[in-house]
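Q: Sequence:
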Amino acid sequence: MNSVINTAIASFGMSGLVFHGPSLKVNQGFRVLSILERTKNLSLQMFPDTKIVRSFDDILADKNIELVVVNTPDKYHYEMCKQALLNGKHVVVEKPITLDSRKAKELISLSKQNGLVFTVYQNRRWDGDFLTVQKILNNKKLGRLIEFESHYDRYRTMITPDTWKEVGDDYAGVLYNLGSHMVDQVYVLFGKPKAVTAHLRIVRKGGVVTDYYDIRMEYEGFTALLKCSYLVKNPGPRYSIYGEYGTFHKWGIDPQEELLKNGNLPQGDNWGKETKAEWGTLLYEKDGQDHIEKIETIPGNYNIFYNNVFDVLRNGAELLVKPEEALEVLKILEACLKSNNEKRTVNL
Numbered sequence: 001m002n003s004v005i006n007t008a009i010a011s012f013g014m015s016g017l018v019f020h021g022p023s024l025k026v027n028q029g030f031r032v033l034s035i036l037e038r039t040k041n042l043s044l045q046m047f048p049d050t051k052i053v054r055s056f057d058d059i060l061a062d063k064n065i066e067l068v069v070v071n072t073p074d075k076y077h078y079e080m081c082k083q084a085l086l087n088g089k090h091v092v093v094e095k096p097i098t099l100d101s102r103k104a105k106e107l108i109s110l111s112k113q114n115g116l117v118f119t120v121y122q123n124r125r126w127d128g129d130f131l132t133v134q135k136i137l138n139n140k141k142l143g144r145l146i147e148f149e150s151h152y153d154r155y156r157t158m159i160t161p162d163t164w165k166e167v168g169d170d171y172a173g174v175l176y177n178l179g180s181h182m183v184d185q186v187y188v189l190f191g192k193p194k195a196v197t198a199h200l201r202i203v204r205k206g207g208v209v210t211d212y213y214d215i216r217m218e219y220e221g222f223t224a225l226l227k228c229s230y231l232v233k234n235p236g237p238r239y240s241i242y243g244e245y246g247t248f249h250k251w252g253i254d255p256q257e258e259l260l261k262n263g264n265l266p267q268g269d270n271w272g273k274e275t276k277a278e279w280g281t282l283l284y285e286k287d288g289q290d291h292i293e294k295i296e297t298i299p300g301n302y303n304i305f306y307n308n309v310f311d312v313l314r315n316g317a318e319l320l321v322k323p324e325e326a327l328e329v330l331k332i333l334e335a336c337l338k339s340n341n342e343k344r345t346v347n348l
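Residue 348 is where the sequence shown ends in our numbering, and the numbering goes up by one at each step.
Check before you lean on any hint, since a few could be wrong.
Using C-beta positions, here's what the derived DEER-type ranges look like [as the list claims (entries may be wrong)]:
1) 54 with 188: 37 to 47 Å
2) 163 with 63: 32 to 42 Å
3) 291 with 64: 53 to 63 Å
4) 265 with 202: 29 to 39 Å
To be clear, the hints were calculated from the coordinates, so they are not data collected in a lab. Even glycine gets a Cβ: it sits at the ideal position worked out from N, Cα and C.
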């Protein structure tokens with residue numbers, strides 16, 4: 001078996017240009033053989049020696065391709081993943097895994113039947129702020145957890161033209177887009193909640209898809225709150241953790257996406273590092289005294305995802321993002337939709 005994993009990317013919009021393409025380019029374990037662009041040739045700048053194809057069938061028919069990255073709009077995930085698996089390809093699919101948990105379960109079964117690797121690109125497990133949150137929860141200085149709060153707020157008054165994320169049905173808005181990341185992070189931290197209550201809204205004038213959510217995930221003894229809005233001019237903390245003995249606040253957001261959007265490749269000793277001014281603040285009580293600490297942000301590194309995929313395919317390592325986890329996250333998102341539509345709390 002070739003030590004290098006011959007790979008195809010199924011589209012080259014934002015996710016291909018900003019996330020998958022850069023990570024695959026700097027990882028010597030992958031060779032991008034084909035990229036699907038139906039009308040343009042944008043990928044040639046990053047991958048000048050890669051073949052551009054105009055049809056997904058060209059990728060499926062290429063026996064040299066071992067791994068397919070399905071990073072197309074969400075509504076195409078199920079069919080394209082299914083076809084890739086049926087043609088003997090390992091698959092990385094963008095979140096959400098599909099738009100229907102029954103279809104996601106079918107794909108998981110199909111991958112196992114055919115002995116193929118199937119995983120979901122949950123890159124924000126390797127945001128520096130999230131890695132730091134995990135550290136804070138593990139060090140126990142806050143004591144018993146009372147409430148966990150996470151925000152992903154933006155300020156976009158205008159409706160972005162010519163994008164599939166601004167048109168469609170319940171599945172096109174921020175719940176399945178950003179919510180897929182935020183629910184996944186909470187699932188990684190705490191597992192499956194006991195119940196979910198969700199409020200979804202359209203807050204921008206002229207908007208047709210959800211651009212606001214308020215989600216309450218109930219656990220034994222504490223609540224995880226997830227909030228997102230496209231009309232937040234001056235955001236508060238990205239993460240807030242409230243414990244019996246103290247509080248942790250973290251402002252700002254992991255710098256990797258902005259660096260990637262500006263054309264930087266994810267490499268070098270300083271990749272993903274934040275300045276001291278962006279570190280979080282931990283305030284807690286111990287022995288009757290208040291203590292304040294600035295907590296250095298652990299550097300984020302999205303490359304870990306594809307490093308793991310290589311180790312799984314070549315060294316028999318364990319997947320870091322298991323499709324079964326993505327299936328549970330999708331079920332939680334479906335419960336959020338049900339909660340909003342029926343105006344009630346949904347038990348899981």
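Q: Work down the list of hints and note, for each, if the structure agrees.
A: Here is what the structure says about each hint:
For the pair residue 54 and residue 188, the supplied restraint of 37 to 47 Å holds, since their beta-carbon distance comes to about 38 Å. Between residue 163 and residue 63 the CB atoms are about 35 Å apart, so this pair conforms to the stated range of 32 to 42 Å. Taking 53 to 63 Å as the suggested C-beta distance range, the pair residue 291 and residue 64 conforms, at roughly 58 Å. In this structure, residue 265 and residue 202 meet the distance hint of 29 to 39 Å, their C-beta atoms being roughly 37 Å apart.
In terms of the numbered hints stated before, the structure departs from none.
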